Amino acid sequence: MIRFEDVSFHYGGQRGTGEGVDHLNLRVAPGELVVLVGRSGCGKTTVTRLINGLAPHFYEGVVEGAVYVNDVCVTTSDLSKTHALVGSVFQNPKSQFFNVDTTGELAFGCENQALPREEIHARVMQTCEDMKLHALMNRNIFDLSGGEKQQIACGSAYAAQPLVFVLDEPSSNLDRKAIRRLHDMLVRVKDQGRTVVVSEHRIYYLMDVADRIIYMDDGYIVAEYTPDELRALSEDELHSLGLRTPDLEDLRGSSGVTGGKGEVAVSSKPSVEAVDLSCYRGGNQIIDIERLALPENSVIALIGDNGCGKSTLSEALCGVVPSNGSVAFDGEFFSNKQRSHRSFMVMQDVNRQLFSETVLEEVMLNSDISEADARAILEQLDLGDTVNRHPASLSGGQKQRVAIASALCAGKDIVFYDEPTSGLDRAGMERFAALLKSMRDRVKTQVIVTHDPELIMQSCTHALRMDNGRVTGLYPLDEDGRQRVLYYFTSEDDGSTSRRRTRVTPLGKILSYTGRFKRTTVAAAAFMTLGAIFQVLPFLIVYWLISRALAGSPPTVQEAALPLVGILVCLVLYAILYIYGLQLSHRSAFGTLENLRCSLQEKLEVQPLGSVADMGTGALKKLFVDDVESIELLLAHMIPEGIANIAVPTVVMLIMMAVDWRLALLTLIMIAFGVSASGQMYGVGTKFMGSYFAATKRLNNTIIEYVNGMDVVRMFNRDSESLTKFEQAVHGYRDFALAWYKVCWPWMAVYGSIFFTCTLFTLPFGAFLVLLGQLELQNYVLCLCLSFGIGPLLVNVMQFASAIPQVNMKIQTLEKSLDRLPLRVSENDYTGTSHTVEFSDVHFGYGNDEVLKGVSFTAEEGQMTALVGPSGSGKSTIAKCLTHYYDVESGTICLGGQNICDMSLEALYSQLSYVSQEQFLFNKSILENIRVGKPEARDEEVFAAARAAQCDEFVLSLPDAYHTQAGAAGGMLSGGQRQRIAFARALLKDAPVLVLDEATAHIDPENAEKMNAAVAELTRNKTLVVIAHRLSSIVNADKIVVLDGGRVVDEGRHDELLARCAIYRTLWTSSEQVDSWALNSDPVAVSDVAVSECGASC
Amino acid sequence: MNFELYGDDSTGVIKLDPRTKMVIFLSCAITSINMYNDQYMAGYIAVLCLILALCGKRIMALKAFAAFAVLFFLRYCIQMQGTGTGVAISLVSVLLTVFIFMFPMVVSLLLLIQTTRIGQFLAAFQAMHLPAAAVIPVAVLFRFIPTVADERAGINKAMAFRGIEMTMGNVVRHPAQSIEHLLVPLLFSSVDVMEELAAASEARGLSTNLVRTSYEEVRLRPLDYVVMAAFIAFAVYMLTFSVTGLTG
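From first to last, the protein sequence lines stand for chains A and H.
Going by the working numbering, the final residue of the first sequence carries number 1098, and the count climbs one at a time with no gaps.
Going by the working numbering, the final residue of the second sequence carries number 1346, and the count climbs one at a time with no gaps.
Among the hints, a few may not be true.
What the hints assert, rightly or not - Not everything, but these chain A residues come out facing chain H in the computed CB check (under 10 Å):
{"hint": "1", "residue": "84"}
{"hint": "2", "residue": "114"}
{"hint": "3", "residue": "166"}
{"hint": "4", "residue": "661"}
{"hint": "5", "residue": "727"}
{"hint": "6", "residue": "731"}
{"hint": "7", "residue": "733"}
{"hint": "8", "residue": "734"}
{"hint": "9", "residue": "735"}
{"hint": "10", "residue": "739"}
Honestly, the hints are just simulated from the structure, not real lab data.
Being a predicted model, the structure only gives us computed values, none of them experimental.
We put the CB at the ideal spot given by N, CA and C, even for glycine.
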């Protein structure tokens, strides 16, 4: 398929860098995948260019020998022939697309092959499907992130379906999932019998698809390996060849940065802190961070999938993109501009940040460092012999170091790097890692946005994981942390995380929620406009009266009567129309709120139950009630009144023009001044507004917490602590609110006075014109009257104008607060063959802590499987994952062989009941509360279930027995009683799988015994998963799974475990002690509380 | 006005062929410099705005027409009143007249750019059998404008880190230096991008000898012929009358 016959090539023209290649002989068969590896400058890229014909047809040079692709000699035939045979993907994502829209770009290669349109459409659709590009279709390429652009480039080559694919470092900007998709694409094209040549530094992802790996050095093919041979090479051999690791698992063993001798210790003091940071772009909230603190002397790897907001976060922290919230460096809060002067970012495209003629000038630009010091810094960075060269003449790595040197010379403390090692070979990457380490004592914090696990393992102290604009974890790279990072990079997930973002204007966003009330809004605006016209009309009537008087014939009382009545009618009409308009606008506003709440509810519905619970009832209540409500007032008045208030002054200005254009223009200029003043206010106002809202939110949350936790606070005498927090929130709110008003008030005053006194300027000028005889007196009076009329309207307009961003921001925040990934479910019914529960390699974590670290076990049908382990070992988390409260990060949970993500929640819950530690009862009768388990159950069935769950005795002692109201959230009942009712519910539901999470924790031992017996009876032939602290209740379990630190330590029966598992023995002993203590004490004194406290303490 | 180059005609009621839009643009250029009749002008612009609205840019069309109406009205008022000193009147009227005469061209240019994707342009050019040497530079130009904007945004950020950002103060104090700091990286970076882009497009077959096909369907429909004929006819009518001096 590809044949190199003694090919040598050396660049001769103006274009192209590198030394060229010599005497290459290479044959690549159809369906073969060959990887070219080697140090930077070894000639890999030249080989790819020889295949796609760019050398010698674009990059001129001297060529000897010939390259054949499918019997076409690409060295001699024209590029216009080669392109149909060879599809290329290049390294730099930003310079390889020709179109501005993504769909056009995907079709580009096909178009050049002159395929019929239907075929192109089909291929574009197919590519979109195969490469999961749905979210990227029909978008402006300039809105995409680097990794997303690269995906489009791969897709475009794929759509063209060439015989040979040539990829030059395609993975440099891709996230792990996109690399996975690239890998899958390569597998697919290989299976289709196409030939692939990949030049790459990062080779780990190619190991299972590559047939041969060709090692090049200095323009020659030096060696050839199979993947197995390459994997067999030792670390030292790889190092001497300058190759990166072929297997990420190898990194597991390598030692970390922390803990090394002579290292700068990471202090716990934060050097960068962000509170309530949010970032908006094009009508969407991109970043939503409540609190983030980056420790001092750390090197932080910022990882996350393409388009999750990594770059935006780093730019927001640096202050080069507008953001809301507060960011502190070293405990001191700074404005955006101050931050940009105190921090530095080494950009991916370093050409953008080299400004001067020589390297020395470059690093000294705008810094007050002495030349000697600057030279010293350059020397340290290996740039000593380049001081007088032009930065543009340096190599990529050198340019990067010049940029770093300029940051050091300017004394910057916080340095960000954007993908610093994309396209670097091993030596370059290692040099950079060493540089990062050596910088640790000179700069406070370094943050690296990267997709390069090798770099992270070599140089970083912390990992900061982002997901969809949120920080989902900041953890040190100790043993666990390293595992977690590696796990992130090796998990085989190929989903696309790109999100479709549409640009909408603030007003458009608000209107999009009005839905069917759009008409009402329009009608309201129409009525109000009409009303406002009647508001102005009296001025015209007054003008008529005055002009009569001025003309020397003052109207008589009879003549004046009609106009005066007219004025009255106008005013009445104004009032009526205005009120009616207001009524309509309120109707539409409340309708909009309804739509908003419904849309929020829809979003809440698909959220994992667990994340809903994590958000807290307080926050959700605030979201649904307060936040939405606060929009109403603005919405009801803003749009219709705003339109009315703009329409009328416009009409008035036109009338004034018709009367006298000079006065009109003069007034217009004054209005322009006023508008610009309010524009200023609008500008500074929005800048502070985010912080103001953040402070409001903090205040709200603190108050809720303060009130909710009051009992605990008082009981433990923590009054002062909680009070301080409360005070802080109150003070913060006051300060931000004052800051906001402080910047807004001067401008408010300016525009307010200008609008009210726009007559002030027309008055003297008009009088002057009248004196000159250029303006008739009555026209002058009319203009004055009109100016008086529009002043207040304009003030209103300005107020509404400032309200638009407020509402918009609130809506965006609402949208963002519920845009976490929805629960992965499908529409499928339960099709499992049995009711065996199977966990395989399940990973799951809440925020910074990974709770389940690869849990695998099976709970057989008809058996009782118990999960035991010390507190925090992940028992309850397993139950929550099984009941699909959360989506697991990776691994699978199957029920009867069917993945629980592959069935609907209804299907899952029809097979499964769950009794948890905390139970919620509705404020209905106990009978109805139990019936929730099976709504169609007859009363007798309910009673039977209740009896089995030992409810009978306490329920019958209640005043109305089973018809007693349970009180709000079951407040009338004790914990143990609630638990028994919940148990009855589960029994009534009679699902084949039963999950009991500490189901007997609140129940006193005596009843627990009875209940266990009942459980055993009722759960025969069912899959029973029990989580228990009191091991006595599970000694008879068919299988006991012992968990510790998120891993399965051992599993077996009670006796086996007692014999061989130390952890189990310890658990057993302590549980025995508690049980004996509980039984020995006075049975009357054993209250639910005491037992549950025991349970919690073991 | 924002000349964003990502054309979008998805919301349009009618879809005109890019060639039709080009004809409209050319006809506007000819017509507006030969048209001295206010009523004709008003009608002409109204039709243009109507087409713009029908092609999907309703709000833009409305804004453009409102702006035109106000300027037109102001000029009319000035002419009618005849007050004010000579200098002021002539200054304002000349400005207004220039604006008004440029209006058809601006509106038709908006129509052309904002509702046409690059793929459609290329397809249209191809359908016109223009040589590749004429087509590609136009496409590259469209691609280049957002590239420069993108680079500029990046450079601005880099300048902020170095404390040499393009603020009013800096530009006034050191104008030459500020421009240098902007242009040097812009040129280096753009040259790199353009070279790589050229290589990529060559490798992907832009210079093919085949007749390129297109993802975008570009076809002249009856409506296109009607619109084109109307605009050409009007341009010819205006041209003849202006040349023969029958109006004025």
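To see whether the hints hold, each was checked on the structure:
no.: 1; hint: 84; verdict: 7 Å, holds
no.: 2; hint: 114; verdict: 4 Å, holds
no.: 3; hint: 166; verdict: 8 Å, holds
no.: 4; hint: 661; verdict: 5 Å, holds
no.: 5; hint: 727; verdict: 36 Å, violated
no.: 6; hint: 731; verdict: 32 Å, violated
no.: 7; hint: 733; verdict: 31 Å, violated
no.: 8; hint: 734; verdict: 31 Å, violated
no.: 9; hint: 735; verdict: 27 Å, violated
no.: 10; hint: 739; verdict: 23 Å, violated
Violated hints, listed in ascending order, are 5, 6, 7, 8, 9, 10; each of the other numbered hints is respected by the structure.
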